[in-house]
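Below, each chain spelled out in residue letters.
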Amino acid sequence: MKKETAKTLRAFLIELVIYAVLVVGYFFLVLHFLGEGLQQLEQNHRYSYAVVAILLMIGQAVVLQNVTTVLLRLIRRRAE
Amino acid sequence: MFFPISGAHISPIYLVIVGFVIGILGGFFGVGGSFIAGPALRAVGLDWNFAIGTDLAHIVGKSVVAVRQHRAFGNVDLKLGLIMAVGTIGGAEVGAQLIQMLKRAGNVNFVVSIVSITVYLGISTFMLWESRKTLTAQKSRERRGVVKGKTAKHDESAFEHVTHAIHRLRLWPMVALPTSGVKAISLWVILLVAFVGGLFSGFLGGGAGYIRMPSMVYVLGIPTHLAVGTDLFEIIISASYGTFTHAVKGNVDILIALVMHTGAAIGAQIGAISTQYFTGPKIRLAFVPLPLIGAAIVIYTLMTGHKL
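Protein chains in written order, with the working numbering: chain Y, 1 to 80; chain F, 81 to 388.
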């Protein structure tokens, strides 16, 4: 049981490191390019901005969860 | 990092860490965490209107992650969540109107502060009493060898007699909630619980999970794990509605919310998975400090005049 917990914890820590690298890349690439467009939308088309904001949030949630699930599965498979 | 929509300079690392902490709390307790996120965004210079709207947007994303995780564990009652969403949105509108009335009367800050302190302290005291009483009764039965094969999701409460009395109310139409193990309960009771949660959400701000989660357990008789998952599902709907209305008013910086959410996505999964290792009363006992933190923040604001 303890061995299993240690394995899970190690896999999680590796996942965190990979996730952190991906997130930093995401900040500089995606958000940098999105920033200006979203600002324009917020200033000129508030209703569209509101819809896009919610869709972006839900989309990111689904993508990030899938990324973390795949990462954890891959790391665990390699560890076994 | 510069965020052009709100014109704020905020460290992305700070946002990720705040998101991570709130994600864990949200995934574990089924709350939005706005009592931490609001002051945390305010502390780095974001205006209150942006702090509230942006926090709501971030809550949507965090709740989506936590709900997907809870759903995998069978902890979400979709039917109950959808019914509650109707009552919550109605209550939130009435709460917002009450705020407008108090604003016109000129005593909004004092009234809201006193109501919130009373509610927060009341919830904490009651949950402390109930969860301790339930845990003591469980331990005593375990010592006598009465309880066997107990699982994490097996739930009991020292307040069960009141919950059963509420279930016996035959106020048509009656609704069955098979996922939550409730054979029949009046639709009006569910709507009333959701309405009160929404009322506090509109009146005090945030998602009001600190009221909705306990009332789902004690009034509706929903097992704690399902209450956490279903509350989060309901929060997706009500927070999306809140995000939309705030975004239209120019109170949402979605870029800040997206950065915060990268931390919350991991935190929410950890929180949701952690619930599987705790029994209902233990989750409720661990919940006790949360409303107290909210009360402490309001008392600080009331005494110093500075909003955190």
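For the record, the hints were derived by calculation from the structure and aren't laboratory data.
Don't be surprised by glycine CBs; every beta carbon is placed ideally from N, CA and C.
Treat the hints with caution; some may be incorrect.
[Stated by the list, open to error] With a cut-off of at most 35 Å between alpha-carbon atoms, the simulated DSBU-like pairs for lysine-lysine come out as follows: (1) F:263 <-> F:183; (2) F:219 <-> F:329; (3) F:213 <-> F:263; (4) F:362 <-> F:213; (5) F:159 <-> Y:3; (6) F:219 <-> F:183; (7) Y:3 <-> F:219; (8) Y:7 <-> F:219; (9) F:219 <-> F:362; (10) F:362 <-> F:263; (11) F:362 <-> F:183; (12) Y:7 <-> F:183.
[To be verified] One-sided and incomplete, this derived list gives chain Y residues near chain F with beta-carbon spacing under 7 Å: (13) 4; (14) 6; (15) 7; (16) 31; (17) 35; (18) 37; (19) 45; (20) 49; (21) 57; (22) 58; (23) 63; (24) 64.
For each hint, the structure was consulted:
no. : hint            : result
1   : F:263 <-> F:183 : 44 Å, violated
2   : F:219 <-> F:329 : 53 Å, violated
3   : F:213 <-> F:263 : 26 Å, holds
4   : F:362 <-> F:213 : 11 Å, holds
5   : F:159 <-> Y:3   : 40 Å, violated
6   : F:219 <-> F:183 : 50 Å, violated
7   : Y:3 <-> F:219   : 30 Å, holds
8   : Y:7 <-> F:219   : 32 Å, holds
9   : F:219 <-> F:362 : 12 Å, holds
10  : F:362 <-> F:263 : 25 Å, holds
11  : F:362 <-> F:183 : 40 Å, violated
12  : Y:7 <-> F:183   : 56 Å, violated
13  : 4               : 13 Å, violated
14  : 6               : 16 Å, violated
15  : 7               : 15 Å, violated
16  : 31              : 6 Å, holds
17  : 35              : 5 Å, holds
18  : 37              : 10 Å, violated
19  : 45              : 10 Å, violated
20  : 49              : 6 Å, holds
21  : 57              : 4 Å, holds
22  : 58              : 6 Å, holds
23  : 63              : 9 Å, violated
24  : 64              : 4 Å, holds
The structure shown violates the earlier hints numbered 1, 2, 5, 6, 11, 12, 13, 14, 15, 18, 19 and 23.
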